[in-house]
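> Sequence:
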Amino acid sequence: MPHAPLARAGIDAAIDASLRRLRERAAAVDPVVDALAAAIERATSGGKRFRPALVVAAFETLGGTADETPALFPVAAAFELLHTAFVVHDDVIDHDTHRRGALNIAGEFRARGTIRGADAAGAALLGDAAGILAGDLLLHEAMRAVALADLDATARADLFELMDEAVLVSTAGELADVENSVTQGELLDADDILLATANKTAVYSFSAPLEAGAVLAGAPTESRRALRRFGEKLGLGYQLVDDLIGAFGSAAVAGRREGGDLHEAKQTPLIALARQSENWPEVADALSEAHTGPVAIRAAQRALAASGARARMESLVAETLDSARATVDASLLPDATRAMLFELADAVQDRIP
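Going by the working numbering, the sequence shown opens with residue 1249, and the numbers climb by one from there.
Just so you know, these hints were derived from the structure itself, not from any lab. Fair warning: there could be bad hints in the mix.
What the hints assert, rightly or not - Here are the computed distance ranges between Cβ atoms for each label pair:
id, residue 1, residue 2, range
1, Val1543, Pro1318, 49 to 59 Å
2, Val1543, Ala1584, 43 to 53 Å
3, Gly1349, Ala1377, 31 to 41 Å
4, Arg1599, Val1543, 24 to 34 Å
5, Ala1553, Glu1470, 39 to 49 Å
6, Ala1369, Ala1559, 39 to 49 Å
7, Glu1413, Arg1546, 32 to 42 Å
8, Glu1289, Gly1466, 27 to 37 Å
9, Ala1377, Asp1412, 19 to 29 Å
10, Asp1264, Arg1546, 39 to 49 Å
11, Arg1364, Glu1591, 48 to 58 Å
Computed from a predicted structure; not experimentally measured. Every residue, glycine too, gets a C-beta built ideally from N, C-alpha and C.
Please build the complete structure, drawing on both the sequences and the hints.
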C-alpha cells in the first residue's frame, strides 16, 4: 500500500476502539463476561490483518483519500472482526483449544472451568459456549462498525450487502466442509469439495474486502466487478495453498502441528485428487494411520506425493492464480490497482510449501 504504516496504525486504532468499547461494557455487566471480552482481545491481537489491509489497498489505489473518508478504517476493521469471529467459531467446530501456540478462547475457558472444579465434560462445555458466544459478539461488532461508520445511505447499503454475502457464503463453505469430513469419502464429488473450499474464505477474505475498498473510493461498477472476480479466484488459490500447507507445511508455517489436515482426516481437494489416482488404495491405507503420530503423517505425505496429487494440486493453484491475473489483464482498473493485485497473486503463489 502507498501508506502502509499509516494504514496499519489506522486499522489497529479502529479495531482497538471496538474491543475497548466491548471490554468497558462487559466489565459493567459481569466478571465472567469481562473475562470473555479480555479473551476476545487476545484472540484479535497480532496477525497480519491482511483483510482490512485489502480494503485500504483497494481504496487507495482507486484514488480514495483517507483524510476525506472517516469511514475507511472502521469499515476495514470490520473485516478483521469478522475474520476473528469465523476463526473462533471454526475452533469450536474443530474442537481446537490452541491457536498460534497458545490457548484460544475455548481453551482458556476450558482451563477456567477446570480451575473452578468442572469435570472434563463440563470444562469442554464451558469452552465451547465461550467460543460460540465470543464469535457472536465479534460478528455483532463487525456489523456495528459498518452501521455507525460515517457513510451515505447508498454506500452503507452496499457494504451491508457485501458483509451479508460474506457471512452467508462462508457459512455455506464451513458447513459443507464439516459435512464432507463426516460422510463417506468415496461418495464425495471433487467439484463439491472445491466449491466448499472456495466458499470458506474467498468472499470474506478477498472479494468482499477489495470491493468494500472500491465502494468507499466511489469506484465505478465495472471496477467493483473486476475486483470481485479477481478476489474469488485469488481466494480459491489461497485456500488451495492453505490445504497444501495443512498437509505438507511445517508447524511454524501452518501455525499448528505438521500435517494437521492429515491427522484430522480432512476431506480437502488434495485428498479428492489422490482419490482419482491409481495409487489411491496405498494412499487410503497411509491416511488411515495418519492420526497415530508424526511417523504416520510423514508416510501419508510420501504416499500423497507418489500418487501425483501434490503435483496436480500445485498445477491447480497455478491455473487458478493465472486466471486471477487474466481477470486483471482484461479489466480497466488503474495501473496502481493492477500492480497491487498482481503482487497479491504472487504472494499467494509464494506460500506454496
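> Any hints from earlier that this structure breaks? Give me their numbers in increasing order, please.
3
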